[in-house]
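Taken in sequence, the protein lines are chains A and B. Letter by letter, the first sequence follows residues 41 to 553 of the working numbering. Letter by letter, the second sequence follows residues 41 to 553 of the working numbering.
A few of these clues could be false.
Identical copies look the same in the list; a pair holds intra-copy or inter-copy alike.
What the hints assert, rightly or not - Using 25 Å as the maximum straight-line C-alpha spacing, the simulated DMTMM-like pairs for lysine to aspartate or glutamate come out as follows:
1) 295 - 228
2) 309 - 222
3) 450 - 141
4) 506 - 416
5) 506 - 521
Source of the hints: derived by calculation from the structure; they are not laboratory data.
There are 2 protein chains.
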Amino acid sequence: MAPNFYPAYPPDLSREQQEYLLTNLKDWSIAHGLAVRPAPPYVQPQQDLSGALATTAPVTLFPSLFPQACLEQAKSVAKAYNELYSAIASDEGWLQGIVEELLEIDDFIADLWKVHLAVKAEGFVQPLNLGLFRSDYMVHVDPSASQASPTIKQVEFNTIASSFGGLSTQVSALHEHLLSIDAYPQSDLLANSSALSQSTSVPGLALGMFKAHEAYGRSTTGLPTCVIFLVQDPERNVFDQRHLEYALNENHGVKTFRLPFGRVLDDTKVDTNRKLIYSPPHAPNKHFEVTVVYFRAGYSPSEYESHREWDARIQIERSAAIKCPSILTQLAGTKKVQQVLATPHSPHLKRFLPDDAQAADVLKTFAPIYPLDKSEAGQEARKLATNPDTAARYVLKPQREGGGNNVYRKAIPGFLKDLPETHWPAHILMEMIEPPAQDNVIFRNGEMLKGGVICELGIYGACVWKTGEKDGERSMIESFEAGYLLRTKGSGSEEGGVAAGFGSVDSALLVDV
Amino acid sequence: MAPNFYPAYPPDLSREQQEYLLTNLKDWSIAHGLAVRPAPPYVQPQQDLSGALATTAPVTLFPSLFPQACLEQAKSVAKAYNELYSAIASDEGWLQGIVEELLEIDDFIADLWKVHLAVKAEGFVQPLNLGLFRSDYMVHVDPSASQASPTIKQVEFNTIASSFGGLSTQVSALHEHLLSIDAYPQSDLLANSSALSQSTSVPGLALGMFKAHEAYGRSTTGLPTCVIFLVQDPERNVFDQRHLEYALNENHGVKTFRLPFGRVLDDTKVDTNRKLIYSPPHAPNKHFEVTVVYFRAGYSPSEYESHREWDARIQIERSAAIKCPSILTQLAGTKKVQQVLATPHSPHLKRFLPDDAQAADVLKTFAPIYPLDKSEAGQEARKLATNPDTAARYVLKPQREGGGNNVYRKAIPGFLKDLPETHWPAHILMEMIEPPAQDNVIFRNGEMLKGGVICELGIYGACVWKTGEKDGERSMIESFEAGYLLRTKGSGSEEGGVAAGFGSVDSALLVDV
């Protein structure tokens, strides 16, 4: 991490200042639904059988510093990413090549592909697609440059169940509220609220769903229509989802239902025209034609315990409902796709983004990912990885999705020396992102954790597109940037995720660095 | 209770219907701050040292039935009650007579009166007053009439710390939401949302505070101004108060601070012009001129543990801040005043409400309260109380505020027979209010309680008035009805109060009976 990049921040708090800030944070968050259901050991399940307790979502006390130019850069490239990933998801032939490389090492991708092929054999009935994407970045400061400008580098691209959009709008409003009541000690950085970036993720994502709902067209069954939120059950992060649901109801008048993934086969059926029909358990004689299925479940192999879950996935995939995402769109989000696009001299980006300016903008956000094979890029990588000076800026990762241990920086040359060269191509070499260091205080599960933190910026993109008759054909119907997320975790931990680890939801205090 | 007065209600729920309703209720309530901090044994203090847990406020699953004419009657008399109680609070001489009758039996009232006299001796510097009142009623159906129309009868009148206005707006919105998502089984009574009365208590009470803040005028100290919420610490019902605070901030741009009653002497001082100056502990070098002190503490004798609390009360009372309420306004809310007004043939109502139509409207809402002395009304009462047939509609209560046991209905004649007649005047005879029976389901502390319930309607009134030079002189500056509260408790319990007992916050489903 680049030290001393940001000005000194946040200001120290006296005991009374901390109490004032925390009291207001705790009350405002619950009054505005910036909340989660508490996990053990904070609350044990047997203590709250009805699940009525809630607590403040993990949040930072202060908005974290973030370079204004980086946020603008990330937002400005959102529509190009919509183009890129909708194009990838519409190019089955190309995706097949990616999937084939993964079939033998990743059962989950193999099984998803089987579902896709089965539905393809039957024929698709819904050419419309909804993408609610989130492109995640870190600020990168080149440690070798003396006067480095910060840039953003992509960490990953999410095409399914991109979460925290519901809470992000609330946390930026929380920080603005705390500033407005003088809960932050006076500081040049916190002098005015215009430096606080308000996230539009709730209205943005709801608008994306509405645009797909609208594009679906009128019900042909004569039944009322609805949007399905496909969810895990139980779900601690339920308020994140509920804010999107309420916005879709209130801003757009769309009826919504939460459907646990495990109940798809109980509560839906596909009619002879392959319309997806939903019958709520509480009113089994009422039927709805489903326009959009928004996946907040079904993205992880652990959710597919038996044939039943796969049958459920097939049922949705073969239906006329607009899937957010379809299986092809989900597969476009695999790390392998990111790696192929980010390989130096890769021809793939141009294939999907023929507009040179767009492609150049996207390329700037890639951290280079090298294969360790005998290709041109592989030869470059071998040089970088075996020289301790250059290796210090890289991480060596196994090719297998999610498997094995990473080797970091100066340990790489020694590791490769001990590894037979025939095994080298099973790894990739990725440039380390070097986020600038800063401090903050995270409040989670009723406890405060103070110290160095790392921020990850997510930019939501919403798009509706129509795939054509021929593979690769596609027309974009709606495409817009849909707000941002700032997730912040202690810099001690290498793994992210607010729900899983020690992270928190944050908002950006823009600085000019 | 009048049986079979209301139609059959609420509809029965299947297991699936109940789950759908409850899941949506639990999520919506937290997403919208319809919440309280949980009490032991639900959550033990040592489990949540930072106090970050919250739970759904006690609410009814269904809006309770309420006669439309009764709600309209109660709202229509709100301004008359504002007149009545502001007039009483402006008539020190008359109030003195009431207080003198209570001095020997009620130390708290005696001590409040001493504070008033001490400030009076020094001279008052603030002629403006803010009343945020709540008049509480039950629906009464005369059991002796065969074709009885329901009317409202007053239970009590609150002039200090009238609570639940912050949550009431939210619970009526909750019930409307549940209706809009078909969480209620189809029923003629629940056929459309126009029968659901939405409470305007949050914007109404906030507007009342703003009107007083505005009437206070510009700061003369050159300091910024603020409104103080005087609160108990800790406070489980904090979100009820926060919603008012946020509305005052957002709708009217008024700065607010929460000041625990125990910190008044630490954080405020009265300057040479008797302006009340507040210095927040988190920013002790910042000072604010207090325009309005809104009491959500200091109403109960148990809060005055030492001289310190009385000194705090004096500090506020002698300051130029507008008190909501002043001590005279607080004393106007004693039960003794209610009793004196509601005594048949009482001349007092006319004294304060010279407008005959207003007085008649208010009188209709009184349940008669008789003395058992030798006056004309006392003679009537003796007849009613000694005849078992008529006694069946009354309750006999000791005169002493809050003390002793009540004697109900047919037990009264026997009780009086055994009591020496010289002791009879220590009691009052009050007509029993006969609320119609109905059922509902209360959700509190994560548990559901189903059964017969009784509803109590509260109507908020907001008014700003100026007392004149001479005792009894007064000019009304603002006066309006400020929303409603429906509190519902199991009909088994005779004591009310959502926070204290087994009650809940509810909303009104209007019926034409």
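Results of checking the hints against the structure:
1. 295 - 228: between (46 Å within a copy, 22 Å between copies)
2. 309 - 222: Classified as between; 21 Å across copies, 55 Å inside a copy.
3. 450 - 141: neither (30 Å within a copy, 89 Å between copies)
4. 506 - 416: Result: close neither inside a copy nor across copies, 37 Å intra and 88 Å inter.
5. 506 - 521: Result: close within a single copy only, 19 Å intra versus 55 Å inter.
Of the numbered hints given earlier, the model fails hints 3, 4; all others are met.
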